[in-house]
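So the protein lines, in turn, are chains G and H. Under the working numbering, residues 211 to 310 are what the first sequence spells out, in order. Under the working numbering, residues 2 to 717 are what the second sequence spells out, in order.
Since the hints were made in silico from the structure, they are not lab data. Treat the numbers as computed from the prediction; the structure is a model and nothing was measured. You may find that some hints are simply not true.
Claimed, not checked - Restraint-style ranges between C-beta atoms, simulated for each label pair: (1) H/708 to G/290: 28 to 36 Å; (2) H/648 to G/298: 54 to 62 Å; (3) G/288 to H/663: 47 to 55 Å; (4) H/695 to G/289: 15 to 23 Å.
Even glycine gets a Cβ: it sits at the ideal position worked out from N, Cα and C.
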Amino acid sequence: MVPTSHYLFLSLALFTIGVIGVVTRRNVIIILMSIELILNAVNINLVAFAHLWKQVSGQVFAIFIITDAAAEAVVGLGIIIAFFRNRETVLADEMDLLKW
Amino acid sequence: MNPLPYFLDSVWLIPLFPLAGAALMLLFGRWLPNRSVSVICVGSVFVSLGYSLGAVMQLLGRAPADRVVQRVLFQWVTPGPVQTADGLKGFLAEWGVMLDPLSAVMVLVVTGVGFLIHFYSIGYMGHEGGYYRFFGYMNLFMFSMLTLVLANNLLLMFVGWEGVGLCSYLLIGFYFLRKSAADAGKKAFIVNRVGDAGFLLGIFLTMVTLGTITFTGGGRIDAPPIAGIRETLAAGFASGQFVLGAPVLTAIALLFFVGATGKSAQIPLYTWLPDAMEGPTPVSALIHAATMVTAGVYMVARTNAIFQLAPLALEVVAVIGAVTAIYAASMGLLQNDIKRVLAYSTISQLGYMFLACGVGAYIAGVFHLMTHAFFKALLFLGAGSVIHALSGEQDIRKMGGLWSKIPTTAKTFLIAALALCGIFPLAGFFSKDEILWNAYSSELGRDLGGVLWFIGALTAGMTAFYMFRLVFLTFFGNSRVPHDVEHHIHESPRSMTVPLTLLAVLSVIGGFVGVPAALGSFAGISHSFEHFLEPVIAQYAPHAAEAPVVATEAHHDPMEYLLMLTSLAITGVGIWLAYKMYLQRTELPGQLEARFPRLYRLVYNKYFVDQVYDALFVNRAKDLGTTLGSFDSRVIDGLGVDGSAWLTRLTSRISIWYDTWIVDGLVNLSARIVWLFSLPVRLLQGGRISGYALFIVLGILIFLGYYIRELRAMIQ
């Protein structure tokens with residue numbers, strides 16, 4: 211049996227990779243993918259604790275988060291396409307119109 | 002119960018048909034096809050003609066003394082007191098029509114000739130732009146002219162008088178893109194203004210002298226009775242208030258005549274008429290030959306009650322008429338533009354009419370007015386047909402030999418020329434003979450020892466010469482038409498030749514209504530025209546011997562035959578000379594020109610009158626305008642307007658400085674303070690998403706670190 215801490219380390223690794231991706235990458239698609247990594251790290255956490263405490267509600271919550279991630283990906287990709295049509299770029303550092 | 006038969010009752014409708022046509026054309030004509038424009042405008046004049054014929058028929062059905070009908074439509078100037086020489090008098094002006102023998106003749110001439118010319122214009126103007134505009138103006142002219150001749154008072158007559166002037170201006174300048182046409186229109190309008198001022202002053206003087214401007218009080222069936230000019234003068238004459246030759250009446254008559262010289266192109270205001278030939282040819286025929294220019298003659302005949310009491314004014318009228326007749330004829334001798342020859346001829350013939358009025362033979366003047374309307378309209382329409390055939394050529398030096406190519410035009414033109422020259426049975430003979438006989442036999446004519454007659458006869462000879470010079474150069478001899486134009490020579494369409502033919506018929510038979518006693522008494526047709534018009538002429542019974550009496554049948558003088566033959570002989574000489582010089586020995590005119598170069602140049606340039614007028618009046622008026630203009634631009638604009646503008650600019654500059662540096666400065670200062678304090682915060686907002694994400698992560702880490710420290714502290 212795999213101890214819970216392994217899951218937590220995997221989750222921590224994925225979360226860190228995701229955060230670094232969000233902060234450092236310029237391509238918005240990569241950023242979105244990084245956000246997916248963060249969400250999935252959370253999912254692993256939830257499932258791991260659900261397994262540890264034999265409670266199924268954590269797994270149900272993971273399913274909700276997957277659904278939410280799919281919806282978020284749809285909206286995010288839609289925004290990126292609309293944005294690309296207007297500005298012909300998907301690079302986050304060129305999206306600077308909302309500054310002062 | 003209205004006692005008047007239908008057409009007499011609806012005389013007031015006659016001017017309204019063309020008015021409706023004009024309103025329709027000028028408001029909506031732009032969107033109408035040419036065909037409906039023709040139907041509406043020619044139709045409206047045709048309906049007027051029908052109503053006029055009906056009304057005159059019914060007028061003829063009444064007893065001679067009863068032949069005057071007035072219909073008052075409404076009161077125009079409401080009754081009020083006016084200060085006259087003999088105290089306050091009630092004065093009013095009405096909008097009313099009057100049909101009496103004189104206006105009956107005029108209304109028939111205007112609508113009859115007007116209809117034929119409208120009909121002709123369908124063919125002549127068919128290819129021109131602004132077709133609806135042309136017919137709109139023409140109908141407006143018909144309305145004004147009919148108002149003029151049907152008016153029952155001087156003021157309404159003046160409305161029509163100005164209306165025809167306006168339409169004349171609009172139609173002379175019909176081709177307004179051509180500068181010469183626009184200038185000619187302006188010239189006609191301005192020269193007429195001079196005359197109109199005289200006419201208007203005459204009306205005012207009548208108003209304060211007689212207290213009325215209505216022509217006569219007779220025939221007012223459905224209107225309250227008022228005293229007209231005629232009745233007032235007759236009463237004043239009987240009571241001794243107005244004597245023969247009263248200065249005020251002479252002044253009125255002379256002022257009226259000033260108006261007539263403007264409208265009817267007499268010396269010294271004749272210069273506009275030759276230039277008016279810039280208008281389309283039907284306009285020249287209708288306005289500047291047949292109707293409008295005769296308005297002056299009509300006006301003098303209409304106000305004969307005043308002229309009869311002003312012998313001095315009559316003398317002026319006669320002398321001006323005679324001098325104009327011969328003077329204009331002499332200018333016509335050398336003109337090369339087919340329409341200008343006819344224009345000078347018109348001035349000359351109008352001179353004849355004034356000569357007749359001046360010697361007291363108003364009826365002869367009106368008779369000549371009528372016959373002249375027929376043959377001069379025909380001459381102009383024929384000239385138009387020639388111009389049409391030659392694709393717009395008006396110079397008779399570039400014509401010739403057209404007789405067989407445009408036969409209908411040529412024949413009708415020849416008939417009109419013969420009628421104008423006064424060859425025996427044609428219309429012009431009777432009217433011209435009547436005038437010449439009166440010029441010889443009237444009191445004034447005898448006083449001047451036959452000079453008036455001599456001038457008239459000489460003019461007849463000159464008329465014959467220039468008319469046949471025109472006929473020979475245009476229709477006979479060798480063709481001088483340029484080759485490329487010669488291919489296109491064609492007889493005009495039916496819509497043009499039919500009016501020509503009808504006018505030719507009128508030119509032939511038009512004179513028979515006024516056959517003189519010397520020729521017609523045996524057939525019982527003598528003087529029917531004169532008897533018809535006689536009631537219109539005022540008679541001052543107690544002194545009838547003094548006033549110039551209208552010639553009656555009593556003048557069975559053998560002298561009349563002699564004069565008739567003399568004038569015919571002079572005319573014959575004129576024609577023979579023209580034949581000699583322009584058909585047989587065509588080198589003669591050139592030789593004469595070389596023999597008398599100065600005289601030739603003087604006549605050819607119309608005695609330089611235009612130049613003299615320019616130097617004396619036109620340029621002086623322009624100088625006055627320039628002076629006033631520079632006063633306006635220097636003093637009023639410079640000192641007044643520009644000065645106050647400079648002051649305004651100065652004060653506004655001070656305001657601007659205060660506004661920019663004090664008011665706006667305070668606002669900007671507060672903005673600047675906010676800007677300064679926001680500087681560090683603003684730097685955080687870089688606009689890059691990854692930057693914001695980093696802040697979020699750092700924030701989480703800070704909180705997490707704090708949380709973990711707290712947790713540790715709790716555990717320990």
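Tested hints:
1. Against the hinted window of 28 to 36 Å, the Cβ-Cβ separation of residue 708 of chain H and residue 290 of chain G comes to about 35 Å, which satisfies the hint.
2. Range check, residue 648 of chain H to residue 298 of chain G: Cβ separation about 59 Å, and the 54 to 62 Å hint holds.
3. Evaluation of the 47 to 55 Å hint for residue 288 of chain G and residue 663 of chain H yields a pass: the beta carbon distance comes to about 53 Å.
4. Checking the proposed 15 to 23 Å range against residue 695 of chain H and residue 289 of chain G shows it holds: the Cβ atoms sit about 21 Å from each other.
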